[in-house]
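Engineer: Residue strings, one per chain:
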Amino acid sequence: MNNLLALSGVNTRIGHYHILQGVDFVVPQGGLTMLLGRNGAGKTTCLRTIMGLWRASAGRIEFDGADIAGRSTPAVAQLGIGYVPESMGIFAGLTVRENLMLAARAGPLDERRLDWMFGLFPALKKFWQLPAGFLSGGQKQMLAIARAMIEPRKLLLVDEPTKGLAPAIIAHMVEAFRELKRTDTTILLVEQNFHFARALGDTVAVMDSGRIVHSGGMRELAEDEALQHKLLGLSLDAHQ
Amino acid sequence: MSQAKDALPRASLDKIPLVLIPLIAVAALPLIPSLPTWVTLTIAGLAMGMMIFIMASGLTLVFGLMDVMNFAHGAFITIGAFVATSVLLPLAAWTEADKLWLNLAALLSAILAAMVVAGVLGLAFERVIIKPVYGQHLKQILITMGGLIVAEQSIHVIWGPDIIGLPKPAALRGSFIFGDIAIEKYRVLAVIVGLAVFAAMFGVLNRTRIGLLIRAGVEDSEMVEALGYRIRRIFIGVFVAGSALAGLGGVMWALYQETVSSAMGMQVMILIFIVIIIGGLGSVGGCFIGSLLVGLMANYVGFLAPKIALGSNILLMVLILLWRPQGLYPVAKR
Numbered sequence: 001m002n003n004l005l006a007l008s009g010v011n012t013r014i015g016h017y018h019i020l021q022g023v024d025f026v027v028p029q030g031g032l033t034m035l036l037g038r039n040g041a042g043k044t045t046c047l048r049t050i051m052g053l054w055r056a057s058a059g060r061i062e063f064d065g066a067d068i069a070g071r072s073t074p075a076v077a078q079l080g081i082g083y084v085p086e087s088m089g090i091f092a093g094l095t096v097r098e099n100l101m102l103a104a105r106a107g108p109l110d111e112r113r114l115d116w117m118f119g120l121f122p123a124l125k126k127f128w129q130l131p132a133g134f135l136s137g138g139q140k141q142m143l144a145i146a147r148a149m150i151e152p153r154k155l156l157l158v159d160e161p162t163k164g165l166a167p168a169i170i171a172h173m174v175e176a177f178r179e180l181k182r183t184d185t186t187i188l189l190v191e192q193n194f195h196f197a198r199a200l201g202d203t204v205a206v207m208d209s210g211r212i213v214h215s216g217g218m219r220e221l222a223e224d225e226a227l228q229h230k231l232l233g234l235s236l237d238a239h240q
Numbered sequence: 241m242s243q244a245k246d247a248l249p250r251a252s253l254d255k256i257p258l259v260l261i262p263l264i265a266v267a268a269l270p271l272i273p274s275l276p277t278w279v280t281l282t283i284a285g286l287a288m289g290m291m292i293f294i295m296a297s298g299l300t301l302v303f304g305l306m307d308v309m310n311f312a313h314g315a316f317i318t319i320g321a322f323v324a325t326s327v328l329l330p331l332a333a334w335t336e337a338d339k340l341w342l343n344l345a346a347l348l349s350a351i352l353a354a355m356v357v358a359g360v361l362g363l364a365f366e367r368v369i370i371k372p373v374y375g376q377h378l379k380q381i382l383i384t385m386g387g388l389i390v391a392e393q394s395i396h397v398i399w400g401p402d403i404i405g406l407p408k409p410a411a412l413r414g415s416f417i418f419g420d421i422a423i424e425k426y427r428v429l430a431v432i433v434g435l436a437v438f439a440a441m442f443g444v445l446n447r448t449r450i451g452l453l454i455r456a457g458v459e460d461s462e463m464v465e466a467l468g469y470r471i472r473r474i475f476i477g478v479f480v481a482g483s484a485l486a487g488l489g490g491v492m493w494a495l496y497q498e499t500v501s502s503a504m505g506m507q508v509m510i511l512i513f514i515v516i517i518i519g520g521l522g523s524v525g526g527c528f529i530g531s532l533l534v535g536l537m538a539n540y541v542g543f544l545a546p547k548i549a550l551g552s553n554i555l556l557m558v559l560i561l562l563w564r565p566q567g568l569y570p571v572a573k574r
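As given, the protein sequences belong to chains D and X, one line each in that order. Here our numbering is used: position 26 in the first sequence is 26, and no number is missing along the way. Just add 240 to the spot in the second sequence (first one is 1) and you have our numbering.
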């Protein structure tokens with residue numbers, strides 16, 4: 001399988017802090033790669049660096065064969081990379097419709113794709129004309145993900161989509177991502193919820209202190225409790 | 241999609257701030273000695289509010305979208321006013337003519353020149369002065385205050401240090417008389433121009449894609465960039481438009497005062513800051529309501545107790561902030 005995204009020796013400094021200290025990992029085309037790690041490991045910084053929101057001070061970020069390190073955020077997005085930040089980044093004063101319209105850069109909303117989206121997230125249809133600020137946390141997350149996939153993207157970067165969500169909504173998210181995987185969209189997903197990660201991930205990279213400390217198949221990590229203890233500090237059972 | 245359009249619920253406008261305008265007007269009624277005086281003051285207040293709105297609307301958008309508190313905004317007001325003197329005074333034959341169309345042609349020429357000059361200077365100001373200090377608030381305050389001082393001194397060099405008289409065009413002098421009620425013609429024009437500016441801004445912000453981007457950028461400019469839009473280009477456009485509107489406001493304010501001085505922009509900035517804080521930083525609708533409230537308050541209190549006219553607006557701001565600490569229409573920020 002080809003790699004759509006490959007990071008090699010990526011370093012990121014924020015002020016006096018050296019956050020990413022030589023990150024190396026790949027995201028295979030068409031798969032869902034989980035980026036796991038404890039709080040403060042550098043996962044969010046990694047996604048932000050790929051998006052150009054923070055500038056890599058060294059290293060290569062290769063996307064679809066081209067080095068995108070140093071490109072501006074809009075230029076990175078225009079390559080076909082969708083981003084869902086940890087804060088969700090929805091525009092609270094804009095309606096659900098307007099949030100989606102803004103994400104559809106190519107022009108008017110594609111009705112077939114919209115219907116498919118409503119199938120995944122029916123709440124968005126119900127609250128179509130409501131300012132997004134009125135939505136619940138779970139609905140906001142659905143909107144954030146819907147916005148990232150309202151047009152076909154080559155790669156989706158999603159930062160902790162289950163954070164603070166109720167188990168029923170997380171189960172809904174799992175189904176939505178499974179549906180998205182069926183469209184061959186490549187996804188890099190940062191997550192702390194190992195149960196969620198195990199349910200969806202094809203491959204996994206684990207970060208600690210600004211470096212990748214493990215990468216491989218998700219199934220191998222899910223079946224190796226000792227490795228989970230070593231890398232994440234908790235076993236799968238504790239996260240269920 | 242069509243089903244989605246039929247879906248409920250919809251958002252409703254927060255109408256409580258709108259009620260404040262008639263509330264203040266009705267509250268002033270028993271304090272004013274006669275009904276005609278109250279009507280005259282109310283219309284004068286609304287007209288003044290419209291002029292303040294024209295001047296303030298650009299600044300509130302610039303702050304909301306770019307997170308830049310531009311203290312030099314007043315300089316664009318002053319420059320607009322001085323450019324108007326350079327156009328209108330040589331066109332005295334037109335402004336003094338009996339023909340309304342000649343008066344309006346002179347006025348439109350002055351407005352156009354003021355907006356173009358203020359807009360071009362705004363573009364240069366953003367590129368040279370503001371661009372290096374994005375995200376650095378203390379430096380922004382210092383450098384824009386410096387820009388204001390430089391602009392004032394440049395005006396002294398170009399137009400001289402003296403106050404310049406700027407009479408209204410002949411057709412805009414005097415008042416419409418309805419019984420005991422006198423309504424100045426110029427104030428009617430100010431209301432029309434203010435409403436036109438508000439309608440245009442409302443239309444652009446709510447009915448166009450660029451407006452959608454501006455509203456989104458006011459909330460979270462980083463996310464707009466992450467969606468693939470170059471927010472800096474929108475910043476520049478908004479800054480130029482805000483400067484041009486300040487130039488328009490300068491012309492309107494100068495003709496309202498019938499004098500132009502290099503300090504006029506600085507003086508009116510106090511009212512402008514009150515207005516954008518009352519309205520909610522970045523909110524055009526809030527700026528509109530805030531302007532009308534300040535205009536009404538200034539006229540009622542100016543009539544009843546002139547010495548505390550400015551203080552009354554500061555008190556109004558304090559009361560509104562106690563009630564709504566983020567202003568009348570807070571803009572959601574990430």
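Note that these hints are calculated values from the structure, not bench results. Among the clues, some could well be false.
25 Å max Cα-Cα, derived SDA-like pairs, lysine to any residue [stated by the list, open to error]:
#1 D:K154 <-> X:E462
#2 X:K255 <-> D:R97
#3 D:K125 <-> D:S72
#4 X:K255 <-> D:S72
#5 X:K255 <-> D:K154
#6 X:K255 <-> D:L109
#7 X:K408 <-> X:E336
#8 X:K379 <-> X:L452
#9 D:K125 <-> X:R449
#10 X:K371 <-> D:G15
#11 X:K379 <-> D:W54
#12 D:K154 <-> X:R470
#13 D:K125 <-> X:L253
#14 D:K125 <-> X:L452
#15 X:K371 <-> D:R13
#16 D:K154 <-> D:F134
#17 D:K125 <-> D:L109
#18 X:K425 <-> X:F303
#19 D:K125 <-> X:R447
#20 D:K125 <-> X:E336
#21 D:K125 <-> X:D254
#22 X:K255 <-> D:Q129
#23 D:K126 <-> X:R449
#24 X:K371 <-> D:L53
#25 X:K255 <-> D:S136
#26 X:K371 <-> D:R198
#27 X:K379 <-> X:L363
#28 X:K371 <-> D:W54
#29 D:K126 <-> X:L253
#30 D:K126 <-> X:T448
#31 D:K163 <-> X:R447
#32 X:K371 <-> D:K154
#33 D:K163 <-> X:R449
#34 X:K255 <-> D:K163
#35 X:K371 <-> D:K163
#36 X:K379 <-> D:Y17
To give an idea of the chain D side of the interface with chain X (calculated C-beta under 8 Å), a few residues [as the list claims (entries may be wrong)]:
#37 F91
#38 G93
#39 R182
#40 D184
Ideal Cβ placement from N, Cα and C applies to all residues, glycine included.
Engineer: All the hints need checking, so say for each whether the structure fits it.
Structural biologist: Results of checking the hints against the structure:
| no. | hint | verdict |
| --- | --- | --- |
| 1 | D:K154 <-> X:E462 | holds (21 Å) |
| 2 | X:K255 <-> D:R97 | holds (23 Å) |
| 3 | D:K125 <-> D:S72 | violated (33 Å) |
| 4 | X:K255 <-> D:S72 | violated (41 Å) |
| 5 | X:K255 <-> D:K154 | violated (44 Å) |
| 6 | X:K255 <-> D:L109 | violated (31 Å) |
| 7 | X:K408 <-> X:E336 | holds (9 Å) |
| 8 | X:K379 <-> X:L452 | violated (30 Å) |
| 9 | D:K125 <-> X:R449 | holds (21 Å) |
| 10 | X:K371 <-> D:G15 | holds (20 Å) |
| 11 | X:K379 <-> D:W54 | holds (22 Å) |
| 12 | D:K154 <-> X:R470 | holds (20 Å) |
| 13 | D:K125 <-> X:L253 | holds (21 Å) |
| 14 | D:K125 <-> X:L452 | holds (20 Å) |
| 15 | X:K371 <-> D:R13 | holds (23 Å) |
| 16 | D:K154 <-> D:F134 | violated (31 Å) |
| 17 | D:K125 <-> D:L109 | holds (14 Å) |
| 18 | X:K425 <-> X:F303 | violated (34 Å) |
| 19 | D:K125 <-> X:R447 | holds (21 Å) |
| 20 | D:K125 <-> X:E336 | violated (61 Å) |
| 21 | D:K125 <-> X:D254 | holds (23 Å) |
| 22 | X:K255 <-> D:Q129 | holds (18 Å) |
| 23 | D:K126 <-> X:R449 | holds (23 Å) |
| 24 | X:K371 <-> D:L53 | holds (18 Å) |
| 25 | X:K255 <-> D:S136 | holds (24 Å) |
| 26 | X:K371 <-> D:R198 | violated (46 Å) |
| 27 | X:K379 <-> X:L363 | holds (19 Å) |
| 28 | X:K371 <-> D:W54 | holds (19 Å) |
| 29 | D:K126 <-> X:L253 | holds (19 Å) |
| 30 | D:K126 <-> X:T448 | holds (24 Å) |
| 31 | D:K163 <-> X:R447 | violated (35 Å) |
| 32 | X:K371 <-> D:K154 | violated (33 Å) |
| 33 | D:K163 <-> X:R449 | violated (32 Å) |
| 34 | X:K255 <-> D:K163 | violated (35 Å) |
| 35 | X:K371 <-> D:K163 | violated (36 Å) |
| 36 | X:K379 <-> D:Y17 | holds (24 Å) |
| 37 | F91 | holds (5 Å) |
| 38 | G93 | holds (5 Å) |
| 39 | R182 | violated (23 Å) |
| 40 | D184 | violated (21 Å) |
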